[in-house]
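K.L.:
Listed below are the residues making up each chain.
2 protein chains.
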Amino acid sequence: MDMKQKGMAAKHASLELAALDGNSKNIILKSIAKALHDNMGSIMESNSIDLRRSEKEGLAAPILKRLKFQQDKIEGVVDGIESLVELEDPVGKTTYSMEIDQGLELFRVTCPIGVVGVIFESRPDALVQISSLCLKSGNSVLLKGGSEASETNRKLFEIIRDASVGCGAPEGWIQLMETRGDVAEMLGMDDEIDLILPRGSNAFVKYIMDNSNIPVLGHSDGICHTYVHSDADMDKSLKVIYDAKTQYVAACNATETILVNQAAAEEFLPEIKKIFDGKVEIFGCGRTREYIDVKSADESNWKTEYLDYKVSVKVVESIEDAIKHINTYGSRHTECILTEDEKAAKRFMALVDAASTYWNCSTRFADGFRYGFGAEVGISTSKIHARGPVGLDGLTIYKYKMLGNGHIVEDYASKKKVFKHKRMEKAFE
Amino acid sequence: MDMKQKGMAAKHASLELAALDGNSKNIILKSIAKALHDNMGSIMESNSIDLRRSEKEGLAAPILKRLKFQQDKIEGVVDGIESLVELEDPVGKTTYSMEIDQGLELFRVTCPIGVVGVIFESRPDALVQISSLCLKSGNSVLLKGGSEASETNRKLFEIIRDASVGCGAPEGWIQLMETRGDVAEMLGMDDEIDLILPRGSNAFVKYIMDNSNIPVLGHSDGICHTYVHSDADMDKSLKVIYDAKTQYVAACNATETILVNQAAAEEFLPEIKKIFDGKVEIFGCGRTREYIDVKSADESNWKTEYLDYKVSVKVVESIEDAIKHINTYGSRHTECILTEDEKAAKRFMALVDAASTYWNCSTRFADGFRYGFGAEVGISTSKIHARGPVGLDGLTIYKYKMLGNGHIVEDYASKKKVFKHKRMEKAFE
Numbered sequence: 001m002d003m004k005q006k007g008m009a010a011k012h013a014s015l016e017l018a019a020l021d022g023n024s025k026n027i028i029l030k031s032i033a034k035a036l037h038d039n040m041g042s043i044m045e046s047n048s049i050d051l052r053r054s055e056k057e058g059l060a061a062p063i064l065k066r067l068k069f070q071q072d073k074i075e076g077v078v079d080g081i082e083s084l085v086e087l088e089d090p091v092g093k094t095t096y097s098m099e100i101d102q103g104l105e106l107f108r109v110t111c112p113i114g115v116v117g118v119i120f121e122s123r124p125d126a127l128v129q130i131s132s133l134c135l136k137s138g139n140s141v142l143l144k145g146g147s148e149a150s151e152t153n154r155k156l157f158e159i160i161r162d163a164s165v166g167c168g169a170p171e172g173w174i175q176l177m178e179t180r181g182d183v184a185e186m187l188g189m190d191d192e193i194d195l196i197l198p199r200g201s202n203a204f205v206k207y208i209m210d211n212s213n214i215p216v217l218g219h220s221d222g223i224c225h226t227y228v229h230s231d232a233d234m235d236k237s238l239k240v241i242y243d244a245k246t247q248y249v250a251a252c253n254a255t256e257t258i259l260v261n262q263a264a265a266e267e268f269l270p271e272i273k274k275i276f277d278g279k280v281e282i283f284g285c286g287r288t289r290e291y292i293d294v295k296s297a298d299e300s301n302w303k304t305e306y307l308d309y310k311v312s313v314k315v316v317e318s319i320e321d322a323i324k325h326i327n328t329y330g331s332r333h334t335e336c337i338l339t340e341d342e343k344a345a346k347r348f349m350a351l352v353d354a355a356s357t358y359w360n361c362s363t364r365f366a367d368g369f370r371y372g373f374g375a376e377v378g379i380s381t382s383k384i385h386a387r388g389p390v391g392l393d394g395l396t397i398y399k400y401k402m403l404g405n406g407h408i409v410e411d412y413a414s415k416k417k418v419f420k421h422k423r424m425e426k427a428f429e
Numbered sequence: 001m002d003m004k005q006k007g008m009a010a011k012h013a014s015l016e017l018a019a020l021d022g023n024s025k026n027i028i029l030k031s032i033a034k035a036l037h038d039n040m041g042s043i044m045e046s047n048s049i050d051l052r053r054s055e056k057e058g059l060a061a062p063i064l065k066r067l068k069f070q071q072d073k074i075e076g077v078v079d080g081i082e083s084l085v086e087l088e089d090p091v092g093k094t095t096y097s098m099e100i101d102q103g104l105e106l107f108r109v110t111c112p113i114g115v116v117g118v119i120f121e122s123r124p125d126a127l128v129q130i131s132s133l134c135l136k137s138g139n140s141v142l143l144k145g146g147s148e149a150s151e152t153n154r155k156l157f158e159i160i161r162d163a164s165v166g167c168g169a170p171e172g173w174i175q176l177m178e179t180r181g182d183v184a185e186m187l188g189m190d191d192e193i194d195l196i197l198p199r200g201s202n203a204f205v206k207y208i209m210d211n212s213n214i215p216v217l218g219h220s221d222g223i224c225h226t227y228v229h230s231d232a233d234m235d236k237s238l239k240v241i242y243d244a245k246t247q248y249v250a251a252c253n254a255t256e257t258i259l260v261n262q263a264a265a266e267e268f269l270p271e272i273k274k275i276f277d278g279k280v281e282i283f284g285c286g287r288t289r290e291y292i293d294v295k296s297a298d299e300s301n302w303k304t305e306y307l308d309y310k311v312s313v314k315v316v317e318s319i320e321d322a323i324k325h326i327n328t329y330g331s332r333h334t335e336c337i338l339t340e341d342e343k344a345a346k347r348f349m350a351l352v353d354a355a356s357t358y359w360n361c362s363t364r365f366a367d368g369f370r371y372g373f374g375a376e377v378g379i380s381t382s383k384i385h386a387r388g389p390v391g392l393d394g395l396t397i398y399k400y401k402m403l404g405n406g407h408i409v410e411d412y413a414s415k416k417k418v419f420k421h422k423r424m425e426k427a428f429e
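For the protein sequence lines, the chains are B and Z, in the order given. Sequential numbering of the first sequence, starting at 1, is according to the numbering used here. Sequential numbering of the second sequence, starting at 1, is according to the numbering used here.
Bound conformation, chain B alone (with noise of 0.2 Å):
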């Protein structure tokens, strides 16, 4: 099949997929989750074709780790997709009901968006999770992944593929793509798929949502920031800003720059100097270079995303500049207030324009399994739909259901009838 036929075959199925009960996904989910565990061999020995290949190309050894799909990782996939046999059905829900007048009635029920492209890192796991969030939510799925991991990805494919289809889930409902050709085709294809998802590189991500008039739900930049207010407690906070830099110095989630009022910096920045010493380097504003001896740092700094041990610092007058420094180079992605002022933390979680807005923790927490979503298909800076973790709410979206007698609006027009407009507390069934 080429892509044109593959988005058609994967749309069509998406009709079918809509109409699915909790139940028979769940049927679904678990024979994919047994197939996967029947041929974990097969599973493991794709995958080592995978990092064959790839050590003998002189792939970097944390590539090689993300790429390594054997009996741990492939178990970690099949208890992922039992966990997610126990979350609710997040489609059929009625979210809204009206009584627009007698024997009129309004019901806003959720249903998948249709048909999602995702593109995704080089590791095989993402595709396993990807795909059955896809399912559980009823959404077809077109999944391309890492050049690195096609062995694994293609047996991944094919497993989930046979084992759904054998059990009721309607064929094309997951597609596989498989070459940067297939990427760029998918981004035209505006009549078969309804959303992106692209994770990846920060480059990569900007050149997918500059180029499909699709809608992208993703993001490019996590330059996210944590601000040491005036009254910030300072073991706390020193905790918390170690975990918010270190933990995973690669994730988006992880603190780009440090914030500190002015009125903390004397007794911070040194603490803060301590505390990195000899493993995150500092870049500091002119003032925070008047408390501790660190590397200078301009505008361009507060713009890098490090995703490495390295840090910008800056010392900003007040609560207001910290929200204005923010809201200007932050790329809406998490951010976090360190204070004992409750007032303070509400205003700047209010004001600040973040997916995720946090006081007195790490920004590392956001990511969908810690916010309790089972999984995530990524993380959103949009404006639109959804934000932060995209778990299987963020897959799904609603269509409005009317159920009448006969009614027609030119007795409403006409003043013959009035409209009720009354809430009701029903759900569609």
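Some clues are possibly wrong.
Restricting the straight-line Cα-Cα distance to at most 16 Å, the calculated cross-link-like pairs of lysine to aspartate or glutamate (EDC-like) are [as the list claims (entries may be wrong)]:
hint : chain 1 : residue 1 : chain 2 : residue 2
1    : Z       : K239      : B       : D21
2    : Z       : K303      : B       : D191
3    : B       : K239      : Z       : D411
4    : Z       : K236      : B       : D411
5    : B       : K206      : Z       : D190
6    : B       : K239      : Z       : E410
7    : B       : K346      : Z       : D21
8    : Z       : K346      : B       : E410
9    : Z       : K239      : B       : D411
10   : Z       : K346      : B       : D21
11   : Z       : K324      : B       : D21
12   : B       : K303      : Z       : E105
13   : B       : K346      : Z       : D411
14   : B       : K422      : Z       : E105
15   : B       : K346      : Z       : D190
16   : B       : K346      : Z       : E429
Derived by calculation from the structure, the hints in this document are not laboratory data. Since the model is a prediction, treat every value here as computed from it, not as a measurement.
Chain B is already provided as a structure; the job is to place chain Z on it using the hints.
P.N.:
Frame of chain B, contents of chain Z only:
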């Protein structure tokens, strides 16, 4: 101010607007209503200038009628604002809350989208409705109305701006665009504008969608269907069909194609012809023309939004056939089934992919006011964020807020602590 400055001013204001409580926004709305009422004379005067010029330019009567904005219509929009005051604040509602662990709480709280760009047709009412909906939902707005209404729009804009800013609204929250060049420039302002709501001709909306990276919510086509199932009740169905086609033919929710189940064709088609006789021109498929003498339809008719006293009629073999036709040619706007069979109705409503799916009522009901939303900024056929009539809810999104007490991710990564993930029924305050 040039467009870039207008956009930046709107963005700056949007951050403050987001923090206004419901009461403050209602006070501003009331002051706008009062100012519009108090300035009725000057509004009517400006409108007269537009009307005189447009008459001289030979504008068509229906456009002149929509352009006219005198006492009754002004009183109408003032009433509209007063009912908007009564509606619940859509901002600050907690829609999800979870205890992540002891002392670590996550909340999902609704918030404004930010800055909305709206392009609307020649009705000056739209300017008032849209800007008051944006204010109530905490969004800054950039407005561009039809050039026929330029004097009226400028006057309304000035009154709304002065009354709102004089009463606590942040300066810059409302901006007027006056030229097509402004609109073209707006399409490239990804950094300042979060969402575009275009209203107007299909070609224009399509142009906007194709020429901006900013998310667009709206609809270009409104190809709505009414499907007559095999067991449809004759009297009820004819009443609905007549209303759906003729109640207001220029509306996007008017029915353009009637699908008739073959088992109902012999009985229904002559009656359909009778009710439309001399008023609505019928274009029928081959099988339709075996029963009634009408013009011939081909595939181009299934793709046509007439917005006129014209209708396509097609005989379908089954409900599946009807669903397939709609999912192929429909514009995902509003679709109706006429039947006494509940199971058939539910199946149709589940499988048809549209913002609104109806059972035994006119497609003309698809409208924010009729749905009980107070008003609407438009109708969306998008698959993400908001579908169907878009009211206050569609102008909001959410942010996550997390409250901790020095919580760090490393404690969970190292298994020193385990997540609780316990759903709460608690609002963020």
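K.L.:
Now look at each hint and say whether the structure bears it out.
P.N.:
Comparing the hints with the structure gives:
no.	hint	result
1	Z:K239 <-> B:D21	violated, 34 Å
2	Z:K303 <-> B:D191	holds, 14 Å
3	B:K239 <-> Z:D411	holds, 11 Å
4	Z:K236 <-> B:D411	holds, 14 Å
5	B:K206 <-> Z:D190	holds, 13 Å
6	B:K239 <-> Z:E410	holds, 10 Å
7	B:K346 <-> Z:D21	holds, 13 Å
8	Z:K346 <-> B:E410	violated, 26 Å
9	Z:K239 <-> B:D411	holds, 11 Å
10	Z:K346 <-> B:D21	holds, 13 Å
11	Z:K324 <-> B:D21	violated, 21 Å
12	B:K303 <-> Z:E105	violated, 30 Å
13	B:K346 <-> Z:D411	violated, 26 Å
14	B:K422 <-> Z:E105	violated, 34 Å
15	B:K346 <-> Z:D190	violated, 28 Å
16	B:K346 <-> Z:E429	holds, 9 Å
Violated hints, in rising order: 1, 8, 11, 12, 13, 14, 15; the structure is consistent with all others.
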